[in-house]
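In case you want the letters, here they are:
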Amino acid sequence: MNAPDIGLFSLFFASIFTSNILLANFLGMCSFIAISKDLKSSNGLGLAVTVVLTVTGAANWLILHYILIPYDLIYLRFIIFILVIAAMVQILEMVIDRVSQKLYITLGIFLPLITVNCAILGVSLFIEIREYNFVQTVIYSLGSGLGWWLAIVALAAIRNKTEKTKTVPAGLQGSGLTMITIGLMALAFIGFSGMLSVQ
Amino acid sequence: MNTALLIAPLAISGLSAALAALISLTDKIVNNYGECIISVNGGKKELTVQGGSSMLATLAEQQIFIPSACGGRGSCGECKVKCTTDVGPHVPTEMPWMTPSDLKNNVHLSCQFKVKGDVGIEIPEYLFYVKRYKATVERITDLTHDIKEVYFKLPDGVSTNYKAGQYAQIEVPPYGKIKEPTQRAYSLSSTPNDPNHVEFMIRLVPGGIVTTYVHEHLKEGQKLDVIVPFGEFHVRDTSATMVCVAGGSGMAPFKSIFTTMVEDGSIDKRDVWYFFGARSVRDLFYVEWLSELDEKHERFHFIPALSEPEESDNWQGETGLITEVLDKYLVSDNLKDAEKEGYLCGSPGMLDACMAVMRKHDMEDERIYFDKFA
Chain D
1 MNAPDIGLFS LFFASIFTSN ILLANFLGMC SFIAISKDLK SSNGLGLAVT VVLTVTGAAN
61 WLILHYILIP YDLIYLRFII FILVIAAMVQ ILEMVIDRVS QKLYITLGIF LPLITVNCAI
121 LGVSLFIEIR EYNFVQTVIY SLGSGLGWWL AIVALAAIRN KTEKTKTVPA GLQGSGLTMI
181 TIGLMALAFI GFSGMLSVQ
Chain H
1001 MNTALLIAPL AISGLSAALA ALISLTDKIV NNYGECIISV NGGKKELTVQ GGSSMLATLA
1061 EQQIFIPSAC GGRGSCGECK VKCTTDVGPH VPTEMPWMTP SDLKNNVHLS CQFKVKGDVG
1121 IEIPEYLFYV KRYKATVERI TDLTHDIKEV YFKLPDGVST NYKAGQYAQI EVPPYGKIKE
1181 PTQRAYSLSS TPNDPNHVEF MIRLVPGGIV TTYVHEHLKE GQKLDVIVPF GEFHVRDTSA
1241 TMVCVAGGSG MAPFKSIFTT MVEDGSIDKR DVWYFFGARS VRDLFYVEWL SELDEKHERF
1301 HFIPALSEPE ESDNWQGETG LITEVLDKYL VSDNLKDAEK EGYLCGSPGM LDACMAVMRK
1361 HDMEDERIYF DKFA
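Protein chains in written order, with the working numbering: chain D, 1 to 199; chain H, 1001 to 1374.
Next up, chain D with everything else stripped away, as it sits in the complex (with noise of 0.2 angstroms):
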């Protein structure tokens, strides 16, 4: 196995900020749009995209270097990877339906809806891509879920100020807006990359 050479602070640094899953690439484009519109659902779909990345990308990381590449199974990844999503979020929509009630009504159709959210897909195939070993796998898949997380509640707030504001135009309003912050967001983040990247 050649995992990368890279410390683990770095790419949990990396994956936080510098290769953020979002605005680096642009994965888990529709829940930032559609629930961003509220702060409190963006935090609590951030919580449930970070336990669900953390789970599936440890999960997947088993199951690729125990069964798909001992058998030879590599190209039936992705139907594998997406049922073991699928598979997580049911757990986690029962667990979060059991511990708090109110959270699981804020989310409401947006927990099954993690099942398809490509960022979650995603990870799990850098993750084969990169080659990364077990402990790497871990601290990237939880970076990339704070790092989605940071990035919905970070526009989550701007957009309630620029809400609140009577100074957009009318053909700007509502997603317009949206996807212009969201460029702007994504250069800022963009901008660290020269200090450290993990593409």
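Simulated from the structure, these hints should not be mistaken for laboratory data.
Keep in mind that the hints are not guaranteed to be accurate.
Claimed, not checked - Taking lysine-lysine and the DSS-like style, the derived pairs with C-alpha atoms no more than 30 angstroms apart in a straight line are:
id, chain 1, residue 1, chain 2, residue 2
1, H, Lys1116, D, Lys102
2, D, Lys40, H, Lys1116
3, H, Lys1163, H, Lys1080
Treat the numbers as computed from the prediction; the structure is a model and nothing was measured.
Starting from the known structure of chain D, arrange chain H on it as the hints suggest.
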């Protein structure tokens, strides 16, 4: 190559099985709310149940059937129950069905919340007696060209407990292009004093799933599921004059009510006015029986009215829409100053029109009774 063909499906199905096992294991652990106590109507009935399922399903397991036309998908809004304990906020799926007073009174759709602990609910008392039976068709009679009377026998030893005027749900099996069992509500025309039988009057509605089945496919000796009884339509125990209005198969609950009143003698203790609307003579039925009641019992009055009598009918009675006839009689000396209660059964359009006439003559909404389910 051959082994690869074998291993791929094996790997996928093996993994799926493992994940499914993991999910059901989590379900067992996370959704295990242990034994919960549902206290119904302030402790009148206490049910000890296994938590974790929806209130609707949990109650059905306990043989309490909350009315539900969609079977728990949250799309009919009929399975409302009032909760006396906190069962969490209203979820988005139930919001379309909630009136402001529902929201204030903690009314929820019972299919949309789970039993997660001890809860208290309030439901109409009669729901305790709602039961599902496999009933056998004993007799099908043609009342008119488009109304059939179907007489069911319940399983041996079973006796129902309902009030004259209430309704039941009939479930017909899939047939033709209809792929799912279908339930519809029909008023009972039988009397509670014949507890081993139930009877309905079913008018053929063009395109109707259940009515078409009953008219074209149902045979004597066949078995159908009948869920009985539902509804708040029954005679109130007062001395007020009963103003009863029906059209077509809306006769059903009144057949039940009048038969029962004859049996217990209450037909001689209060004034009853029964207005029955039909199009022409060929739509009239039970006229002889009702005219006989009118003659025998001084305080019972039967007023049939035809809206479009044909010349060959030779009709001597009232003509015009039933609302016009009602309007005329409500100002007559007999009814003008009497204390009145309204009893209505018919199509939603007829109900609304009659309500309007009754309101015009100062009858109170709270004393006009009907079950709207058509």
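Structure-based check of all given hints:
Distance restraint check for H/Lys1116 and D/Lys102: the Cα-Cα separation of roughly 14 angstroms lies within the 30 angstroms cut-off, and the hinted pair is therefore satisfied. Distance restraint check for D/Lys40 and H/Lys1116: the Cα-Cα separation of roughly 25 angstroms lies within the 30 angstroms cut-off, and the hinted pair is therefore satisfied. Distance check on the hinted pair: H/Lys1163 and H/Lys1080 sit about 22 angstroms apart at the alpha-carbon level, within 30 angstroms; holds.
The earlier numbered hints are all upheld by this structure, with none contradicted.
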